[in-house]
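Sequence lines, in order, name chains U and W. The first sequence begins at 1 in this note's numbering and counts up by one. The second sequence begins at 82 in this note's numbering and counts up by one.
Hint data in this document are derived by calculation from the structure and do not stem from the laboratory. Note that the structure is a prediction, hence the values are computed from the model and not measured. Just so you know, nobody snuck in bad clues.
So the derived list for chain U, only partly shown, Cβ under 8 Å to chain W, looks like this: (1) 13; (2) 16; (3) 17; (4) 20; (5) 68.
For the chain U half of the interface with chain W, some residues (derived, Cβ under 8 Å), not all of them: (6) 65; (7) 70; (8) 71.
Quick list of in silico lysine-lysine cross-link-like pairs, DSS-like style, CA-CA up to 30 Å: (9) U:10 - W:239; (10) U:19 - W:194; (11) W:154 - U:40; (12) U:40 - W:116; (13) U:64 - W:116; (14) W:154 - U:64; (15) U:64 - U:2.
Backbone N, C-alpha and C fix where the C-beta goes; we use that ideal spot for every residue, glycine too.
The chain contents come next:
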Amino acid sequence: MKAKIHVTLKQGILDPQGKAIEHALDSLGFKNAANVRVGKYMEVDLNEKDRAKAEAEVKQMCEKLLANTIVEEYRYELVSP
Amino acid sequence: MNIGVVVFPGSNCDHDCQHAFRDVLGQSVRMIWHKETSLTGIDAVVLPGGFSYGDYLRTGAIARFSPVMGAVKTFAEEGGMVLGICNGFQILLEAGLLPGAMLRNRSLNFICKDVYIKVENAATPFTGHCESGQVLKIPIAHADGNYYTDPVTLASIKANAHVIFRYCDQEGHLTPEANPNGSLDNIAGIRNAAGNVLGMMPHPERCAESLLGNEDGRLILASMIEGLKKASQTPVAAAR
Chain U
1 MKAKIHVTLK QGILDPQGKA IEHALDSLGF KNAANVRVGK YMEVDLNEKD
51 RAKAEAEVKQ MCEKLLANTI VEEYRYELVS P
Chain W
82 MNIGVVVFPG SNCDHDCQHA FRDVLGQSVR MIWHKETSLT GIDAVVLPGG
132 FSYGDYLRTG AIARFSPVMG AVKTFAEEGG MVLGICNGFQ ILLEAGLLPG
182 AMLRNRSLNF ICKDVYIKVE NAATPFTGHC ESGQVLKIPI AHADGNYYTD
232 PVTLASIKAN AHVIFRYCDQ EGHLTPEANP NGSLDNIAGI RNAAGNVLGM
282 MPHPERCAES LLGNEDGRLI LASMIEGLKK ASQTPVAAAR
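If we strip away everything but chain U, and leave its shape as in the complex, we get (with noise of 0.2 Å):
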């Protein structure tokens, strides 16, 4: 089983980095671009059959280590190889 998260600043955060690259995108010409926020992204490698266990345990290194709850939200999905 492999988890792919994604984590990202909290909507009505700042995210400067977002702004910046939205500037950018602004001067090369991509008008209809707005709202670009920047996030992490990860792949870990799962040896756990069980799709609910496998769920709980990346839900608990979410919360644990991989985001900052208090300024981050996360998703994930599962895949099989």
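Assemble the complex: chain U is given as a structure, and chain W must be docked to it using the hints.
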């Protein structure tokens, strides 16, 4: 007093802290490798600045799980004084010993320069040598010093005088221009509810002697020694 300076892989202000406490203030200093699990004989703990674990994932996110941090947490819960400077402050936030989190600086730049901070609360063991409202000139050096906390926590730390230092201009005005990194409410340093844990982004150890042209930081470090001496005269601390 015995000051313990914790050394994480990537700490780089540990020797500055050692120098300030030992050579400038005449205290005994023990360097504590992050794998140690005992703080026996230590009167106060300093988490120094630097880039623990290369700032991977988030600043302080991995250091907070270092073996020594269990002992630091217990030490703090038992009332021991803990000072976190810069990366040390970030580690205290990640460890939950102080409320809130750090975001990337508003400008996205790593900022290394002298700033002015206002002493908002001089009635703490970390600021006893300062006066309330006093303006100190102390350098900052960080990329992630943009303090954030939720509105409820912010209201609470303000109401309870947990904000110890705020960025200001030379005259002490708390202006947006004087805020180098975008911190909520110009916050540069906060303490915990019990008052024995302080986190601050500016580096007092870098300006603690006349040789370096600025002694403002010495006020904070000397306050801490004074605070420790006072605490050691009370029965609670003596039993610890």
